[in-house]
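Top line first, the protein sequences correspond to chains A, B, C and D.
Counting in the numbering used here, the first sequence runs from 13 upward without gaps.
Counting in the numbering used here, the second sequence runs from 13 upward without gaps.
Counting in the numbering used here, the third sequence runs from 13 upward without gaps.
Counting in the numbering used here, the fourth sequence runs from 13 upward without gaps.
Since the hints were derived computationally from the structure, they do not count as laboratory data.
Mixed in with the good hints there might be a few duds.
[Unchecked claim] In silico DSBU-like links for lysine-lysine, alpha-carbon gap of 35 Å or less:
no.	chain 1	residue 1	chain 2	residue 2
1	D	K98	A	K106
2	C	K116	C	K106
3	C	K106	D	K116
4	C	K116	B	K116
5	C	K201	A	K201
6	A	K106	D	K96
7	A	K116	A	K208
8	D	K165	A	K201
9	A	K303	A	K205
10	D	K98	D	K116
11	B	K96	B	K116
12	C	K116	C	K165
13	B	K208	A	K106
14	D	K303	A	K116
15	A	K208	B	K165
16	D	K205	D	K303
17	B	K165	C	K213
18	A	K106	D	K116
19	A	K165	B	K116
20	D	K205	C	K213
21	A	K98	A	K165
22	B	K116	C	K201
23	C	K208	D	K303
Remember, it's a predicted structure, so these values are computed and weren't measured experimentally.
There are 4 protein chains.
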Amino acid sequence: MSELFANVPLKWVGPVRITGPEIDVETELPLATYESPVFATVNRGARVATVSGGIKAVVIDERMTRSVLFEAPDAIVAFQCLEKIKADFPNLGKAVETTSRFAKLIDMDSQIAGNLLFLRLEYTTGDASGHNMATQASEAVMNHILELCPELKYESLSGNYCSDKKATAVNGIRGRGKYVVAEVTIPEKMVRKYLKSTPEKIAQINVRKNLIGTMLAGGLRSGNAHYANMLLAFYLATGQDAANIIEGSQGITQAEVRDGDLWFSVTLPNLIVGTVGNGKGLPFVEEVLTKLGCREDREPGANGRRLALICAASVLCGELSLLAALTNPGELMTAHRKLERS
Amino acid sequence: MSELFANVPLKWVGPVRITGPEIDVETELPLATYESPVFATVNRGARVATVSGGIKAVVIDERMTRSVLFEAPDAIVAFQCLEKIKADFPNLGKAVETTSRFAKLIDMDSQIAGNLLFLRLEYTTGDASGHNMATQASEAVMNHILELCPELKYESLSGNYCSDKKATAVNGIRGRGKYVVAEVTIPEKMVRKYLKSTPEKIAQINVRKNLIGTMLAGGLRSGNAHYANMLLAFYLATGQDAANIIEGSQGITQAEVRDGDLWFSVTLPNLIVGTVGNGKGLPFVEEVLTKLGCREDREPGANGRRLALICAASVLCGELSLLAALTNPGELMTAHRKLERS
Amino acid sequence: MSELFANVPLKWVGPVRITGPEIDVETELPLATYESPVFATVNRGARVATVSGGIKAVVIDERMTRSVLFEAPDAIVAFQCLEKIKADFPNLGKAVETTSRFAKLIDMDSQIAGNLLFLRLEYTTGDASGHNMATQASEAVMNHILELCPELKYESLSGNYCSDKKATAVNGIRGRGKYVVAEVTIPEKMVRKYLKSTPEKIAQINVRKNLIGTMLAGGLRSGNAHYANMLLAFYLATGQDAANIIEGSQGITQAEVRDGDLWFSVTLPNLIVGTVGNGKGLPFVEEVLTKLGCREDREPGANGRRLALICAASVLCGELSLLAALTNPGELMTAHRKLERS
Amino acid sequence: MSELFANVPLKWVGPVRITGPEIDVETELPLATYESPVFATVNRGARVATVSGGIKAVVIDERMTRSVLFEAPDAIVAFQCLEKIKADFPNLGKAVETTSRFAKLIDMDSQIAGNLLFLRLEYTTGDASGHNMATQASEAVMNHILELCPELKYESLSGNYCSDKKATAVNGIRGRGKYVVAEVTIPEKMVRKYLKSTPEKIAQINVRKNLIGTMLAGGLRSGNAHYANMLLAFYLATGQDAANIIEGSQGITQAEVRDGDLWFSVTLPNLIVGTVGNGKGLPFVEEVLTKLGCREDREPGANGRRLALICAASVLCGELSLLAALTNPGELMTAHRKLERS
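Build out the structure end to end from the sequences listed, making use of the hints.
Structural data, given as structure tokens:
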């Protein structure tokens, strides 16, 4: 195999101010993408958010998952084994601890379909996004269970009830990755000045396009305009596994007029990011993560959550800016044409 | 804004043989990703596919879409305007032609929700993936319609019924991007030799994991193991807008035992790729596309379809290889550990 | 088999005023259900709608579908056959006409997955809901196609891409049943007097519960509070196949404050109802349909559409009334307790 | 309001033999529906299942749910309140116990979207399906929480994350109603004799139609042919709230060839049935439930689970019979025509 690099243009935009229980920073945002309009879009959102007092952001939850799949002789045996496995949960946790210093088994969910038993194992994985850690831990759990329940047979180390990089509902409902909410209040005057729009128009387009339009499209937990664009750019710039933008993009935008001003939020229940692991050793990634303050000496997980908070802020900036642009007939294309010519 | 590059490792794997109504080639496959195991996974699949006579692949359909959104006074007026717009379809097509040499309006779909009118405009866009071309054309269509139906008001140039980079059903059902099917028949002996598995095991895990497991996860048209990994790597290596892996990943894998051998296919209804446009001017992209034979002098669209066929073949190789690995307890993690150490 | 009747309590509530391009009536609404609170809920909605000038309702589209399924040797042949079938569309229509006076083939959609070819056949079926008519017509189409394309083999007369009585996206996106929108404007004063709420509160709860709440639940085109309750009651009272409430319940409620008043609408894209066929011969059904004016001598389809419009109005009344009740802490349970005691 | 009855034809079909950890019976099955072919379909399935040794069925889980919705000033406060509520879980349970002898709070799930807090409260409700019990209990929980967290405001007693009678994913993933699996093994000879088909054909059509076809349709956890028909008929015959067939219909059929015979199962994660409550006081319902042995003096919940097991067996019979019919070109329509003429 010959080897080279795909060189994706990377820019720092902003800065943006972000506060919350775990963060208080004014930082530029790193974005790498072939879609050049994304830079300007996020930049405008960062500016208006910062002059309005900044973005508040909070991590609600975090976990990484893998679902293992067993075959039982029939549903009754599958059910009896499930009861036995649940009662043995502490020992599953011990099996996990033999595989990594950082992986902890925190919860478990199951599904039985006919004679098939799916177990969805949920872990915390320190500062890593945790795909490999979870897979390795799950292998140990499977081996433990196959001894505990000799009636079961191995079917697959992954049963798609995880669910990795696919458009499903389970990740939002049961959790996968960091669950982050970011929000901002933009005074009406700033909405006019920086976004050339009004709080009313932005609230209205959000309901009509992001909520109703997505529903009509048969959307699955995807009430937003373009989270995917910001996620891809942020993931590539920070060495993440960008295929996880698939579950990452499943989030919801809210916009309301409050006392005449615009309240705006993005909810991202499935941000899979990490500050260590695959892709994090590349020199430019080291540099980017360091500049973001995500390589500090903190308790395990804190650097990862900081990165998730900054990521969510980037998404908010780009989402707000595009929605505002769409309220102005003609603005979007004019902006695109100008940006691409430059 | 400071500017640099995110350097994503790029490798050529294979070669793989691909045939069909529009292609007959033996080619290496370009992949760029931080997830190094993907290289070896696709490489193994390419090898076994090629010794088995190669992959057959066909483009079923192609189109790029944008949904525009109007506000009517009420549903009755929305409906009357829709009737008028349908009757004026040829003139919508003419409005489109003023915006680009390549964009052609080929079909239109609509939804009315309350007083909102969503029109989903469907275009062919030559060799471009066509996001911008479709947006620009849709702006012209909107302007035409706002004159035709003064009762309507502009609400948004995009109404999320398009649907771009979001987990929805509309793209698979109405079409967006290239619709490609790729398939291969692997003799039982080759399944054993190269994939360390059997046709029976692969057919069974496909039903249980990809079809039933995904269904349990609340999946939306996503009956596969990991299309997203190959799509991301192929998209980054060829200068595509990789955020489109979101709809791209919504496809279905099939595996059957036929006369003792393995028949295996991937169906990818939403491959959004192009050989011209954003990101295609970077030197390494030019080189990659040229090497793939996608910069030849063909009728508009033919280079784009060729690229989609090669992309689908890459997906097939990686999907087949991972499913086979999962039928062997322990193989996946052993392979991962070996690859990441190297 | 012994035979008797399940006696479901049936009441007439209202009256309600309904107008639109195809209707102008003040009528009581027939509802049959074991869930007694539904009667009072719809009744309250009917009252407030009527004092506010009545409900406007319109049929946007109508069709009944059946998807047939063929097996091809491979995807390339499946694709070639599909092209041949499309070119032969007029003859498919002729095959349909041999099976019924009323069934007309109006459109066709397809999906290819691997070597499988799904054709979704779309019919108008006069005043019948049309399940059997469509199945019979599709059998004739299959036989015609099997002669036209000897490479294809019969797999199933129904391929689930229809899709009958299952939670899917295709029916909303491609159409199945009557597509009806009903709307009403309630002056602020009437909202307060009859619904003990305000336009603002109802608009807000609709966004938060019906749109955002449903999205969080992983809902599929189901942005409403309880369409299913009214549909079940109306379907049982009018002799419909009530299993079709599954697709029927997939609709969207909208509520907005307009000039201080409440604008409220329900969009029901999949109302499968008829005035002739299975269940319509029972004496009480004859009586109910006659009283509703749906047994008049009109052009084929007009009685069915009238029934769909009245059905949608019933849904609007019940939906509006429940949403209003939910804005008042305590009202719902108090009402339930009172109703069930009586 | 005038009052009468909708008379839905009710028949007893079968008998069928059902065994499992909680049941051992040979019983006829009560079905009420306007769709007469359902009677014969279930009857045929019951016969072949019984001559093959009967159906095994097991209840995997049971719970009834209601999601309440609060408004917080922002996401950070919503998160802090959620932490406080979780810590107070035992007191939520005590609040529930003041409302009913039977309702027990067994678990709780949450979602935060922007400043909205959704709590999904999960109960056991004895032999009742439990809609009203859960609503009443949730009202008490809300009141308790509003005192515990004065920062929160009441938004809705139901937030659609429950999710009642709507096509969503949450019910299958988090549980709602009885979760039942029923299965049967039919010797190859019996498949030929009674079903005029082969195990291979039935296994194949199940994958192609129920799994792949549903996926293509954008289906949500709905891998079956027609659960809705049997559910509607069983629900009407036993006095259930038949609008719950919406979540009830979201289940998965599996069919495999095992040692040449047919193994067939239905998985129904969301069977909402009860033996007491609304609709259960009608004389014919009393009679039907008594005949089914569901009015015995057992521990709370046991009668309800027995009813769910019999319901699942009915679904299995009808599903098996229709799939077999569909493997025979022409059989379906011939059967329909014969049945409807009689």
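Tested hints:
About 26 Å separates the Cα atoms of K98/D and K106/A, which keeps this hinted pair within 35 Å; it holds. Of the pairs offered as hints, the one joining K116/C and K106/C holds, with about 9 Å between alpha carbons and a cut-off of 35 Å not exceeded. With a C-alpha separation of about 61 Å, the suggested pairing of K106/C with K116/D is violated against the 35 Å cut-off. Only pairs whose Cα atoms come within 35 Å are accepted, and K116/C paired with K116/B is accepted, the gap being roughly 31 Å.
A distance of roughly 33 Å separates the Cα atoms of K201/C and K201/A; the hinted pair therefore holds under the 35 Å criterion. At roughly 29 Å between alpha-carbon atoms, K106/A and K96/D fall within 35 Å of each other, so this suggested pair holds. At most 35 Å may separate the alpha-carbon atoms for a hinted pair to count; K116/A and K208/A exceed this at roughly 48 Å. Taking the CA atoms of K165/D and K201/A, the gap is about 29 Å. The hint holds against a cut of 35 Å.
For the proposed pair K303/A and K205/A, the alpha carbon gap of about 31 Å is at most 35 Å, so the pair holds. The straight-line distance between the Cα atoms of K98/D and K116/D is roughly 16 Å, inside the 35 Å bound, and the hint therefore holds. Note on K96/B and K116/B: the hinted pairing holds, with a Cα-Cα distance of about 20 Å set against a maximum of 35 Å. A hinted pair counts as satisfied when its Cα atoms are at most 35 Å apart, and K116/C with K165/C qualifies at roughly 25 Å.
Taking the CA atoms of K208/B and K106/A, the gap is about 32 Å. The hint holds against a cut of 35 Å. Taking the CA atoms of K303/D and K116/A, the gap is about 52 Å. The hint is violated against a cut of 35 Å. Among the hinted pairs, K208/A with K165/B is consistent with the structure: their alpha-carbon atoms are about 19 Å apart, no more than 35 Å. Straight-line distance between C-alpha atoms of K205/D and K303/D comes to about 31 Å, which keeps the hinted pair within the 35 Å bound.
With a C-alpha separation of about 26 Å, the suggested pair K165/B and K213/C falls inside the 35 Å cut-off, and the hint holds. Only pairs whose Cα atoms come within 35 Å are accepted, and K106/A paired with K116/D is accepted, the gap being roughly 32 Å. The hinted pair formed by K165/A and K116/B fails the criterion: a straight-line CA distance of about 55 Å is larger than 35 Å. In summary, the hint linking K205/D to K213/C is not supported, as the alpha carbons are separated by about 62 Å, beyond the 35 Å threshold.
Proposed proximity of K98/A and K165/A is supported: the alpha carbons are some 18 Å apart, at most 35 Å. Simply put, K116/B and K201/C have alpha-carbon atoms about 51 Å apart, too far for the 35 Å limit, and the pair is violated. Proposed proximity of K208/C and K303/D is contradicted: the alpha carbons are some 46 Å apart, above 35 Å.
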